Amino acid sequence: MSSTYVGTLELAAGAVLLSSVMTLWRRGVGSLVSMLRLQGLALAVVAIDLGAHERDRALLVTGGLVLIVKGLVVPALLRRVARRDPGSRESNPRVNVPSSLVFAAALTVLSYVVGTRIAALAPGVATDLAPLGLATVLVGYFMLVTRRRAVSKIVGLLLVDNGIALMTFLLTSGVPLIVELGSTLDVLLVVVVLQFLMVSMGRHSRTERLTEMKALHD
Amino acid sequence: MGVTSWYAWASTLLQVAAVAVGGPLLMGLMAKVKARSEGRVGAPVVQPLRDLRKLLGKERLHARHSSVVLALAPMVILASTAMAVAISPLVSTRPLLSTSGDILVIVYLLLTGSAAAALGGLDVATAFGGMGASRAMTIGALAEPALLVAVIAMSIQSRTSNLGGIVSATLAHPDWVLGPSRLLALGALVIVVIAETGRIPVDNPATHLELTMIHEAMVLEYAGPELAVTSLGEAMRLGLLFSLVANLIVPWGIATRPTALALVAGVVFLGLKAAAVALGVALIEVRSAKLRLFRLPELLAGGFVLSVLAVVTGLVAR
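Going line by line, the protein sequences match chains R and C.
Residues in the first sequence are numbered from 18 upward in steps of one, following our numbering.
Residues in the second sequence are numbered from -15 upward in steps of one, following our numbering.
I should point out that these hints are in silico values taken from the structure, not numbers from a laboratory.
Note that the structure is predicted; figures quoted are calculated from it, not measured.
Using N, Cα and C, we set each Cβ at its ideal position, and we do this for glycine too.
Nothing false has been slipped in among the hints.
Using C-beta positions, here's what the derived DEER-type ranges look like:
no. : chain 1 : residue 1 : chain 2 : residue 2 : range
1   : R       : Gly47     : C       : Ser(-11)  : 57 to 65 Å
2   : R       : Ala123    : C       : Tyr92     : 24 to 32 Å
3   : C       : Ser118    : R       : Gly47     : 29 to 37 Å
4   : C       : Val270    : R       : Arg97     : 25 to 33 Å
Stretch-level coverage of chain R by chain C, calculated; a stretch enters the list once three of its residues show a Cβ under 8 Å from a Cβ in chain C:
no. : region
5   : 27 to 37
6   : 146 to 158
Make the full structure from the sequences, and use the hints.
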């Protein structure tokens, strides 16, 4: 039972990091959203696995919540945005794709160097995996900074949030349910608001590239 | 000592023979799978072997301004690949010289072959040869770091960079196979192997269109027996890489005890596993279009990043 727990935890935490790097790799909005869904599901698996291992009912509930919000609802919302503009791709990121992949590798190594120091404070199977969460946060910030389209920026924001969630699960076995509930619903709200923003942006200026918006309209 | 040396010799000879016959058969199998999935009947699976026999019976022809490099390159390709096959853990975990079956040795043996192919392409100084050589070297230079780092990820787990050691350690710890580090390294290896064997997202082995061909451009000047030797070398390289990937993912079936039965079973399992990998690569080929040359660094950087992630998760999840 114990080795299944460890194996599942490692695999799911690895999947969270892998999917965040894949969002830098793929250009199409559709595959971006698929990666985000994979990440949400993997995050839910982490929470449920930890909750089942530590017999923590609150963590199990959190896991279910993550599964519904980050694994199903948020990707479905983003999928609707993608459907409005099916052929859209991240055509011209500020840092080109091969370089951003190398940056992602460097950020991962950095978070390993930093994160293992943090994890060494309380060694354990779960805390040792915390650098993966840190790496996901850093990759998310990188995406926020370098990508130009609004969808990509939302995805970057969600990566940051997922990375923070992964770190809290792994380091503290989850914050109190009420905090997790608040932050998850917050993210949902942010996605909804940003989606409205994008729709109105598209209606007004026919572009979703934030850098092209230089003048104010009435 | 007597028993083990008999066993080492037998497994080495079996490996070289199996890959020399199996490599062309794998190519034939992939061509057949592609043909079938496109609704054609396709050439028989043994067609590459027949082509080799036909080419060997032809006369040797050299271009007028060619030097000794053109004549030597096929031999170097074949010899370096055969050497790499001989010392890798394919049929058994302990072939001859297996103590030097280090991943670095094998990577550089393969690299010797690619360098020889590029020199052969450059020798006659045709435009196509030079173009193909330059492209092949570019892709090789991008693929090689990914390959090295991916294998480093595997050697972190098993505490050895000897391929036989990695395979034996995996046999002893079957739970490693589904670990995140191993899966990421596997993804990187698949990308590298597709790049190194020149299959579809990277190169199209079936085209002679001047703008897109890479490997075919390098061997354009070869004819007759020398073309046969070069193609055999390339087929063996494909066989070696597919078998290595298969044995690193699913090591079961490889001979670990010095008995004749284990060796025979090793050959059979190697054939099945390599055929499964070939099937997978053929399906990737069917489903994807060739990438533009300038998009290739993206794919290979992806492979590199996967292998770095494999190393980091391997270090984190100890």
